[in-house]
Amino acid sequence: MGGVFHAAILFLVAAGLQLVFGVQKIFNLACGSFYALGAYTGISAVGYFVGHGGPPILFIVPLVAGGLAVGLVGVVVERGLLRFVYDRDETFQLLLTFALVLMLEDLIRMTWGAAPASTGGLYLAYGQARLLGATVPVYNLIVIAASLAVALGMGFMLTRTAFGRIIRAAADNREMAEALGVDMRGVYARVFTLGTMLGTLGGALVIPATAAMSEMGIELIVEAFAVVVIGGLGSMRGAFLGALVVGVLRSVAIWVYPELEMLLIYLIVIAVLLWRPRGLFGTAAA
Amino acid sequence: MRTPLALAAVGAALLVAPVLAPAYYVTLMLPFMAYGVVLLGFNLLFGYTGLVSFGHALFIGIGAYTGAVLTTKLGVRHMELILPAAALAAAIVAAPVGALCVRYVKIYFGMLTLAFGMVFYTFLLKFYRLTGGDEGMRMLRPYLLGSEWAGFNKTAYLVGPYYYFSLGVLALATLLMWRIVASPFGLCLKTIRDNPLKAESLGVSVPRYRWSAFMISAVYGAVGGALLAPPTGNVDPTLAYWTHSGNVVFMVLLGGFSSFFGPLLGAFAFIFLQDTVMSVFPYWRLIFGAILAFIVIFAPGGLMGLFARRRGPVEASRG
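These protein sequence lines are chains P and C, in that order. When the letters of the first sequence are read in order and numbered with our numbering, they come out as residues 1249 to 1534. When the letters of the second sequence are read in order and numbered with our numbering, they come out as residues 3 to 321.
FYI, nobody ran anything at the bench for these hints, they're computed from the structure. Hints may contain errors.
Unchecked claim - Beta-carbon label-pair distances, calculated as ranges:
1. P:A1393 x C:R131: 20 to 30 Å
2. C:Y110 x P:G1412: 25 to 35 Å
3. P:G1299 x C:T240: 48 to 58 Å
4. C:D196 x P:E1423: 44 to 54 Å
5. C:Y110 x P:V1504: 24 to 34 Å
6. C:F274 x P:T1407: 51 to 61 Å
7. P:G1328 x C:Y166: 19 to 29 Å
8. C:L102 x P:N1421: 24 to 34 Å
9. P:E1423 x C:A97: 24 to 34 Å
10. C:L76 x P:L1316: 33 to 43 Å
11. C:T240 x P:L1316: 25 to 35 Å
12. P:A1382 x C:D196: 29 to 39 Å
What the hints assert, rightly or not - Not close to chain C: a few residues of chain P, all C-beta gaps over 12 Å, as computed:
13. V1321
14. V1333
15. T1345
16. P1364
17. I1513
All C-beta atoms, glycine included, are put in the ideal place defined by N, C-alpha and C.
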């Protein structure tokens, strides 16, 4: 069950990565940093809420609100930096997101300090449940449900709404979409912000279960990277299945043979890249 | 005719630096020279062949750990043996890895190299008994030119014999790379970078050339990595972490990837800038991230590109 919880968080971050890659063709290394940003903001928001007399049982409200709100930083990043490099070689785009990784890591350290931070004992505020013979914190189940809801919501948005159709059109053929009158600047800004918010939300939701560290972003990015490679770059369904594969395999490996944990996942990544570079579930676009 | 003059001046400055400069700055030159070797090889792949590896720290790690294992576990202390061993180890790993990676270009090449780099990182981290885990291993002071230099304390050893040894390796590596990029082989790499289809139709075996470039850059990476370890006396898994690979790309971009000496300038600027920034402001990554963003957006030619622009378009066109 720990694996599924981890997969739910991974899915949120990977979905943000996929959305941005699918539409803007930028592999955003900074998605892990957004995740860390969300985590720290979540801690601060919860701390403020509880400190001002909010009932601890409702801590999830400021947590989610803080996580989503700090995702708006995506607009600043997109308008302030990324839009200058859309017509450049993808190497430069990748390096610009690496620059973001460096800056955000230190910004987080400056704001929240280098010591690990946590929300304290709120993790078990919702109690525990017995499920399939195992004891699971109810909070984990909430996060898994929330992640599923986001997955369904994203699926609905992409396939059933006008904005979703525009996103898929932009992912397929940017010039054609633009020629048909789609305002690409607006689409890019919104897509990138949405991708950022998915990452920060993932970070906020993970935080009651684990302590926040300034390195958590650069560690998560390699896992998110494994998820999208296994699932297939740019595919939402791929992000979902890839996250499940990585999350569950990790917890199984930890249980069976801890040395293998991440090694196994990287080996799978390499195998997938070699045999099916488009990923196990990869399709052409989002 | 300005380049030979400038080179002679830089060479002379490097030779007298240990005598004139404070020991502290001389010790900063050691990582510069180690990274110089790494970046020369890296740029054969990046600048000349057009492949951006995000896992080059893999080979730095192999080189550094080869040195540590040889000195601490196998009792081999001679740097003249450590460097070829590092090169050999890198070649053994790079042969299959390269053969798999060069089948892809652009972002897929970058991702595949990143994944291989992280496999090695995880191996270093998890196989505690072999590699010392996250604490890493000690790298004993190597013998140079058959001598132990027993009379020298650590600083004297580093700013004296070790400095000149590194300088010699860097000079050799530079000379060799100069010959490589000027050779027909180097010209084929550039053709492949600019137009792989045309190169293929002219009878150039694109994958084989890419693989050879990968091999050379891996060997350079390991030799540089082996040079990197003795000044700190310690190796740890972060040497192989993906952010270290990112820093390697950063350095090349900072100096200028389209010029032969750009990577060396980049390594120099990176090391000394990092030292300066860290001494006044603890959050050097923030500054460096901003610098990288600035370079990517406004000056993709790096420092060399800025100089070239100032010197006028004629000089600038001689990439």
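Structure-based check of all given hints:
1. P:A1393 x C:R131: 20 to 30 Å: 43 Å, violated
2. C:Y110 x P:G1412: 25 to 35 Å: Check passed, 27 Å falls within 25 to 35 Å.
3. P:G1299 x C:T240: 48 to 58 Å: The hinted range 48 to 58 Å is violated for P:G1299 and C:T240, with Cβ atoms some 37 Å apart.
4. C:D196 x P:E1423: 44 to 54 Å: At roughly 24 Å between Cβ atoms, P:E1423 and C:D196 fall outside 44 to 54 Å, so the hint is violated.
5. C:Y110 x P:V1504: 24 to 34 Å: 31 Å, holds
6. C:F274 x P:T1407: 51 to 61 Å: At 54 Å between Cβs, range holds.
7. P:G1328 x C:Y166: 19 to 29 Å: Roughly 47 Å apart at Cβ, these two residues miss the hinted range, so it is violated.
8. C:L102 x P:N1421: 24 to 34 Å: 32 Å, holds
9. P:E1423 x C:A97: 24 to 34 Å: Roughly 42 Å apart at Cβ, these two residues miss the hinted range, so it is violated.
10. C:L76 x P:L1316: 33 to 43 Å: Roughly 56 Å apart at Cβ, these two residues miss the hinted range, so it is violated.
11. C:T240 x P:L1316: 25 to 35 Å: 33 Å, holds
12. P:A1382 x C:D196: 29 to 39 Å: 59 Å, violated
13. V1321: The claim stands: P:V1321 keeps its Cβ more than 12 Å from every Cβ of chain C (closest is about 14 Å).
14. V1333: 6 Å, violated
15. T1345: 10 Å, violated
16. P1364: 16 Å, holds
17. I1513: For P:I1513, whose nearest Cβ neighbour in chain C is about 9 Å away, the distance does not exceed 12 Å, so it is violated.
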